[in-house]
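Colleague: Chains as they are written, first to last, in the working numbering: chain A, 4 to 215; chain B, 4 to 215.
A couple of the hints might just be wrong.
[Stated by the list, open to error] Within a straight-line C-alpha distance of at most 25 Å, the following computed BS3-like cross-link-like pairs (lysine-lysine) qualify:
id, chain 1, residue 1, chain 2, residue 2
1, B, Lys128, A, Lys128
2, B, Lys128, A, Lys54
3, B, Lys128, A, Lys119
4, B, Lys119, A, Lys128
5, B, Lys126, A, Lys119
6, B, Lys128, A, Lys42
7, A, Lys146, A, Lys59
8, B, Lys196, B, Lys87
9, A, Lys190, B, Lys54
10, B, Lys42, B, Lys146
If you're looking for bench data, these hints aren't it; they were derived computationally from the structure.
Now for the letters of each chain:
Number of protein chains: 2
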Amino acid sequence: MAGKAILYSYWRSSCSWRVRIAMNLKEISYDIVPVSILKGKDEQHSDEYRKINPMKQVPSLAIDGNILIESLSILEYLEETRPKIPLLPSDFGARAKVREICAIIASGIQPLQNLKVLNYVGKEKQQEWAQHWINEGFRAVEKILSTTAGEYCIGNDVTLADCFLIPQVYNARRFQVNLELFPNILKIDTRLKNHPAFREADPEHQPDCPNK
Amino acid sequence: MAGKAILYSYWRSSCSWRVRIAMNLKEISYDIVPVSILKGKDEQHSDEYRKINPMKQVPSLAIDGNILIESLSILEYLEETRPKIPLLPSDFGARAKVREICAIIASGIQPLQNLKVLNYVGKEKQQEWAQHWINEGFRAVEKILSTTAGEYCIGNDVTLADCFLIPQVYNARRFQVNLELFPNILKIDTRLKNHPAFREADPEHQPDCPNK
Numbered sequence: 004m005a006g007k008a009i010l011y012s013y014w015r016s017s018c019s020w021r022v023r024i025a026m027n028l029k030e031i032s033y034d035i036v037p038v039s040i041l042k043g044k045d046e047q048h049s050d051e052y053r054k055i056n057p058m059k060q061v062p063s064l065a066i067d068g069n070i071l072i073e074s075l076s077i078l079e080y081l082e083e084t085r086p087k088i089p090l091l092p093s094d095f096g097a098r099a100k101v102r103e104i105c106a107i108i109a110s111g112i113q114p115l116q117n118l119k120v121l122n123y124v125g126k127e128k129q130q131e132w133a134q135h136w137i138n139e140g141f142r143a144v145e146k147i148l149s150t151t152a153g154e155y156c157i158g159n160d161v162t163l164a165d166c167f168l169i170p171q172v173y174n175a176r177r178f179q180v181n182l183e184l185f186p187n188i189l190k191i192d193t194r195l196k197n198h199p200a201f202r203e204a205d206p207e208h209q210p211d212c213p214n215k
Numbered sequence: 004m005a006g007k008a009i010l011y012s013y014w015r016s017s018c019s020w021r022v023r024i025a026m027n028l029k030e031i032s033y034d035i036v037p038v039s040i041l042k043g044k045d046e047q048h049s050d051e052y053r054k055i056n057p058m059k060q061v062p063s064l065a066i067d068g069n070i071l072i073e074s075l076s077i078l079e080y081l082e083e084t085r086p087k088i089p090l091l092p093s094d095f096g097a098r099a100k101v102r103e104i105c106a107i108i109a110s111g112i113q114p115l116q117n118l119k120v121l122n123y124v125g126k127e128k129q130q131e132w133a134q135h136w137i138n139e140g141f142r143a144v145e146k147i148l149s150t151t152a153g154e155y156c157i158g159n160d161v162t163l164a165d166c167f168l169i170p171q172v173y174n175a176r177r178f179q180v181n182l183e184l185f186p187n188i189l190k191i192d193t194r195l196k197n198h199p200a201f202r203e204a205d206p207e208h209q210p211d212c213p214n215k
């Protein structure tokens with residue numbers, strides 16, 4: 004039942020991307036099963052996939068005989084079961100700061116600008132809507148980073164916060180958010196662009212990327 | 004610097020409520036500082052409060068010399084620093100199921116039906132909008148509970164998942180969601196209604212509840 008991990012993923016899904024980064028950083032080998040969430044394809048709604056993920060979302064991760072959903076929960080599981088390359092600092096207060104950044108992105112930004120919500124908001128209001136929530140959240144993240152950042156979000160080691168931040172910066176660019184307002188975020192994004200674990204996880208390097 | 008913990012809370016905020024339940028369960032004493040997020044009051048936007056919480060939200064928790072924000076991050080911190088009364092099971096797979104339910108509510112439901120998003124959606128569409136996302140999320144939670152629930156969400160011990168579920172059920176009732184569709188959720192809600200830690204944390208028992 005164990006075997007190689009399987010990640011159900013969509014190339015452009017920022018939640019899938021978070022997990023891809025963490026899997027790469029922790030050197031866990033996995034196969035990707037692409038699930039197209041594109042309007043019209045909607046593979047996440049198939050009977051078969053709903054049995055895997057009742058939220059009808061990517062990612063899902065089959066690992067150690069478990070099927071796991073929800074990126075933050077998946078990353079906590081990987082951290083607990085594969086602690087050798089840690090993505091949380093040891094200090095309790097610093098761990099809380101990592102998780103705050105993850106939570107701001109996972110609850111305060113991404114849910115409000117993901118594809119299924121944008122479909123509901125309607126085409127003409129999508130860009131303004133997405134920009135509003137990304138700006139709100141990034142202002143808070145930038146404020147936290149002003150006291151916590153070193154080379155990366157929290158000090159000088161890559162953490163779960165970086166796994167969440169980089170995909171969200173990509174989304175911010177898609178919605179033409181003015182990133183010059185967020186110098187700490189931009190600095191970390193630039194620094195991680197060429198990190199192998201991040202580069203291999205990015206949308207353009209995925210098997211289901213259409214221009215690959 | 005340490006002293007008694009201070010919880011910045013709003014009586015009807017489900018995110019504040021999650022933390023109140025966990026603090027009560029873990030028998031951590033705290034004082035409440037009410038922050039009114041009601042439209043027109045908007046105390047969360049004050050310069051003073053923004054220094055505490057750059058997301059301009061409740062809850063925030065001052066504890067152990069730290070100021071913590073984001074309910075899920077706060078609960079993980081309490082679990083790590085106060086493990087004596089645990090709110091996560093010991094098994095890794097079961098912990099992941101707890102966190103999945105927390106994440107579905109924290110990312111898939113609550114952000115889409117909280118006050119600041121409803122203000123943005125506009126009065127005439129609020130109820131339909133909120134019902135849509137609560138039903139989507141509760142269908143997934145109900146599916147998970149069908150395999151994990153005992154007396155409570157995960158087995159027979161109260162966990163973080165219950166701290167997240169009960170306030171969300173209250174919100175579902177406010178938006179007139181048909182809870183008969185979710186028998187496992189209803190059963191757990193009924194069972195926890197009279198649990199002292201939950202009862203003392205509920206909106207009606209808060210110092211800033213207007214009808215108190």
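Colleague: Does each hint hold? Answer for all of them.
Modeller: Outcome of the hint check:
no.	hint	verdict
1	B/Lys128 with A/Lys128	holds (15 Å)
2	B/Lys128 with A/Lys54	violated (31 Å)
3	B/Lys128 with A/Lys119	holds (17 Å)
4	B/Lys119 with A/Lys128	holds (17 Å)
5	B/Lys126 with A/Lys119	holds (21 Å)
6	B/Lys128 with A/Lys42	holds (23 Å)
7	A/Lys146 with A/Lys59	violated (34 Å)
8	B/Lys196 with B/Lys87	holds (24 Å)
9	A/Lys190 with B/Lys54	holds (23 Å)
10	B/Lys42 with B/Lys146	violated (36 Å)
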